[in-house]
Amino acid sequence: MLGNFEYKKVRSVEEGSRCLVDAGGSGAILAGGTDLLVEIRNSIKSPSLLVDCKGIEALSAFEHSPIETNIGASVPLNQLIEHKSFRETFPALTDALLSIGTYQLRSRATVAGNICNASPAADSAPVLLVRGAVVEATGANGVRSIPIQEFFTGVKKTSLQLGEIVTSVRLPAESGLRTAFLKQQRVRGHDLAVANIAGAYTPESNTLRMAIGSCAPTPVLMEPIPVDSNDVGAFSAHVAGLVMKAVSPISDVRASAAYRNAVLPTLARRIVYAVLDGQGGGN
Amino acid sequence: MHEIRFTVNGQAESKRVEATTTLLELLRDRLALTGTKEGCGIGECGACTVLMDGAPVTSCLVLAVEADGHAIETIEGEAVSGELSILQQAFIDAGATQCGFCTPGMIMSARGLLNRIPEPSTEEIVEAIAGNLCRCTGYEAIVEAVRIASQRMAGGGVQ
Amino acid sequence: MTRELKVVGKPVARAEAVDKVTGAAAYTHDLSLPGMLHTALVLSPHASARIVSIDTAAAEAIPGVRVVLTGDGLCYQLGLYMQDKCILARGVVRYQGEAVVAIAADTLDQARAACKLVQVEYEELPSVLDPRIAKEDTTHLVHPDLHTYDHMQGVFFPKAHSNIAHHQKIRKGDFDQAFASSEVQLTASFYNPPVQHVPMETHATIAQALPQQRAELWTSSQSPYTVRHLMSVCFGVPHANFRVHVPFVGGGFGGKAGLGLEPLAYVLSKAANGRPVKVVATREQEFNTLPSRQGLHSTIEIGAGRDGKITALKSTYIWDAGAYADYGVNIGRAAAYSGGGPYAIDNCWIDSYVVYTNKVFGTAYRGFGHLEVLWGIERAMDQMARKLGMDPAEFRRMNLLKEGDTTITGESFTSGHGKPQACLDAVAEAISWGIPSDPPLEPHKVRGKGLAMLHKAPAMPTYTSCAVVMKLDEDGGADILVSGVDYGQGTYTVLRQIAAEELSIAIEKVHITWECDTAFSPYDWQTVASRFAYMGGNAVIEAAADCLKQIRSMASQALDIAPEKLICEDGHVYPEGSPDRAISYAKLALGYTFENGNSIGGPVVGHGRFIAKGLTHLDPETGQGLPAQYWTYGAHAAEIEVDTQTGEIEVLNIVSALDAGKVLNPKLCIGQVVGGVVQGLGSALWEGFVFDDQGRFLNPAFVDYKIPTAKDIPHRTQQILLENPQPGGPYGARGVAEHPMISIPSAIGNALYDALGIEFTTLPLNYERILSRIRERADGS
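Protein chains in written order, with my numbering: chain A, 36 to 318; chain B, 74 to 232; chain C, 5 to 785.
One chain only, chain A, in its complex shape (with noise of 0.2 Å):
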């Protein structure tokens, strides 16, 4: 194919964050390579490395237990979706990882991969952001752990410095969370995101959270709203309202400013009766 890169494939994250130091800002992470390859063969990213981290095996780990999820950055989307615990435990993110791309696509692409790219379609986005995740990343200045809102700093940009690479993405146990991510799109068959929208809904604390991805610069995460679940109807209108205030969404060629300003208060209540009616299944 067109492009002018070497590849390299890494034994150790140190190595592969040393060769991104070395690469002064021309290398990219191969890790799924269904956004990367594109961006290259289309003329809009010329790396001139490809560092590829799927030979070590820490990046392929996943580990799920009542405590916490930790998903590996080489963990390809179809592992996840097909195991079932997971899939219990994460029913939202399960949704929401279902609607990225076709079957092959997520037979390769990733978690991290979907984080990093940082379309602000991102579809992994909206339900990472309302459940808290934690982002890990080793690079020349040892391990950090980003919180998820923290992450994301413009269209595809993250917070990432030079060197850093994302290990895994960390999902911190909640019991009794109820989750439900949706997501418009222009066709029943694989399609970007028109917008996308999730919500958690946290009995303990009452409070729901909300994000919403396509609709700004970079995924949004919204602040912690009391619920008021009497009338769910009423709340539902004024979570609609809150979402609205909380995006800018544009015109591009996939949809008008319009037609996303239209269907998101619809998406929006229908998130909150997702977890608020019952339907909204949770761990």
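No wet-lab data here; the hints were simulated from the structure. Among the clues, some could well be false.
Claimed, not checked - Quick look at which bits of chain B chain C covers, simulated, 3 or more residues with Cβ under 8 Å:
| id | stretch |
| --- | --- |
| 1 | 104 to 116 |
| 2 | 121 to 132 |
| 3 | 169 to 183 |
| 4 | 201 to 208 |
| 5 | 214 to 220 |
Unchecked claim - A few chain C residues that face chain B, going by a derived Cβ cut-off under 10 Å, partial list only:
| id | residue |
| --- | --- |
| 6 | Arg18 |
| 7 | Glu20 |
| 8 | Gly27 |
| 9 | Gln561 |
| 10 | Ala562 |
Even glycine gets a Cβ: it sits at the ideal position worked out from N, Cα and C.
Based on these hints, arrange chains B and C on the given structure of chain A.
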């Protein structure tokens, strides 16, 4: 240049490849396995689907170097010793091919599915092939072919 | 024909399916010749510009680059109906995406790298993007030299010093008078955006220039002989100088009719001293550079009596031809003579304008203008029915063509045309027309039903023909040579069935050489227009009769029996009443040898042909004439569900009825219908080119140009095939290849009115458009 060792349809291969060569290019141009097709080059159409360690992938978005150490299965490996597989015969019997260009990728996606779920539901079949675009058939006959194949396999047929 | 058919009408599986399911089928994409070069293109970034200079020095210096061509050295005008196209842009670029420079190199990567180094200086010019404006604009001309272009005389009428490539007129009766005096009147306007065929195999051609102005080509094409002819005319050499092969073709849908990449591949090979050159379109180029289906603005006026009888219909079509209008002019013509729909209308005026704009150009696309035109007609019929307070099905019944009526070009409707009303009745019954849908589960969803008629005749020249050669093998089998192309429709299988039936041999013994080769396969016009099974079938019948005549002649001598007393059955020929004296075809295939060694006859080679009969040109002023070899009628009914909060539309059911005349192979026929319905859904719900205000194509990839996937198809479909025979059709069959797609958008649009009470007039009916209209209505605007 990179030395890679991999298997294709069970056969060991070794090649020297540029970093920028895709698995699709390797299969078609270097191994003369032209059954796998290019339809879009960006992983959207599924015409280039092969199995990599049993998982359906779009080979246009896999670098040849990434195939090092892995087992690749293409449409050319579906028939064994010239005998069509149950899946291939089902495609013929159900009228699931028209122009045939999407067919290799479709069969590989279906093969990946049946290896994983021998008796898939309609929903599972659709999910498995939804990443394979077909402009000719309207998909009904293809879904039917996979269903027939799974029934015949359950009836005791090999593969 | 009352004899029991053994193989025609049976769901015989395609023989070549084995090649397809094993990956053995070789498409042009898969072919390779020794020393072959690969091609990349530099495309215009502007919709309209003068090419000031092209600097290729850096590109030429890339190792492996063998040829760099620009339009300057290629002074050829191409076209079948209208010669308005050049091989590479010359002097000006007329659409964003037009090929400006072609580079052939040892590897594709080298060619692409070289393209990146080409520097083209442009002087941007004003562009015309809206065909309605372009039609009236006489200062911004896409083709200032239009009046100098060769074109098919007497058939197409370009307007000098304008952007109008063709104006087709139908004048039946007196519309003005009839409309003015009609009791109920309707005027409505509609729009279809341009869309692309999206064959899964993009356009691809390999050309090898040979000494003495000859060349051999392998190309993913629907029309090898048209390629040969146009190349011959363009380059001024005898037809036999170009040998065209068509291997397996990965879909065409009209987009691979006529000339595509062949001239470019040829001139590159010539410039490379005869090294073979392969040109393969990327998917983006398939959308942005290669032709599309024209967009259409249509305005329809209908006048009717309160009793529901239409008395007057007038349509104005403004076709968005894009930068070149070769096939576009014929679509403008064909759609005009079909522009009354399948209805009896005494006063019908149609003006069909094919207008140049600075966008990617249109070509033939399944339906050849009929989907576009019937979007408007069938939506307008529903609107008129409502105005009259009539049920839409009843309104159609009242106006459908019946025996004794004439079409808008003056053709008499006879029983041989089939039964459009039976199609309507069939879908109405199957969808339980008149009974509301079951209510949806969710309160924010609504359902609706809609139906639409369709009709089409093959849009083809009056001299369209097909020839077939049939030779017998020593084992008693038969080989068929034909150069119609089977690019998925299954026509080769049908031709084999017909040959097996006519020769009375097992179908397994009938072979059809898959690859067309103009050196060996006899002429066929083009595989478009839903006429290959009809014409090829008739030609096969004649060829089989010719073979049997030769068989009978030899057997007559061998058995000393008059030929007319011989029976041909099951691969044997025997005297009536004496099957024990049978001689197998195998023993006659290469002539017959008596016991004493004397040989008579010779190898059995039969030929058959079919030429369109009785067609006439259309009168340039009135459009009256006989353009149609046969009409195929049909109807669709759709049931849909809409989420009124998101605009999402789900198709619950589509029932389709076609009067096929004779279903030659039910499995293949159903396959065509289902495939066409889903392709029609793409046009209905999602597909459409998006341009910015500078005429730049914004969605030339699957990321943002969506075609139906397995998840997007209707919950249910049903196909009803009627068999009211077509006189002159093989076994009474008519063409049905394009028809399943036509009027799918119309049925959906009508169902949307039933569900929402909103008139949709613009395609596609995507979620955003649906929601926007719902909200508009809620706002009271």
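Taking the hints in turn, this is what the structure says about them:
1. With a threshold of 8 Å between beta carbons, the proposed coverage of the stretch 104 to 116 of chain B by chain C holds, since 10 of its residues qualify and at least three are required.
2. Judged by the Cβ-Cβ criterion of 8 Å, the stretch 121 to 132 of chain B is not covered by chain C as claimed, because only 0 of its residues qualify and three are needed.
3. Given as covered by chain C, the stretch 169 to 183 of chain B passes the check, having 9 residues with a CB less than 8 Å from a CB of that chain where 3 are the minimum.
4. Requiring three or more residues with a Cβ within less than 8 Å of a Cβ of chain C, the coverage given for the stretch 201 to 208 of chain B holds, as 7 such residues are present.
5. Here's how the stretch 214 to 220 of chain B fares: 3 of its residues keep a CB closer than 8 Å to some CB of chain C, so the rule of at least three is met and the hint holds.
6. Look at Arg18 of chain C: its Cβ gets to within about 7 Å of chain B, closer than 10 Å, so that hint holds up.
7. Satisfaction of the interface hint for Glu20 of chain C is found here, the shortest Cβ-Cβ separation to chain B being roughly 8 Å, below the 10 Å cut-off.
8. Among the interface hints, the one on Gly27 of chain C holds; its C-beta lies about 2 Å from the nearest C-beta in chain B, closer than the 10 Å criterion.
9. Interface restraint check for Gln561 of chain C: the shortest CB-CB distance to chain B comes to about 43 Å, outside 10 Å, so the restraint is violated.
10. Look at Ala562 of chain C: its Cβ only gets to about 40 Å from chain B, farther than 10 Å, so that hint breaks.
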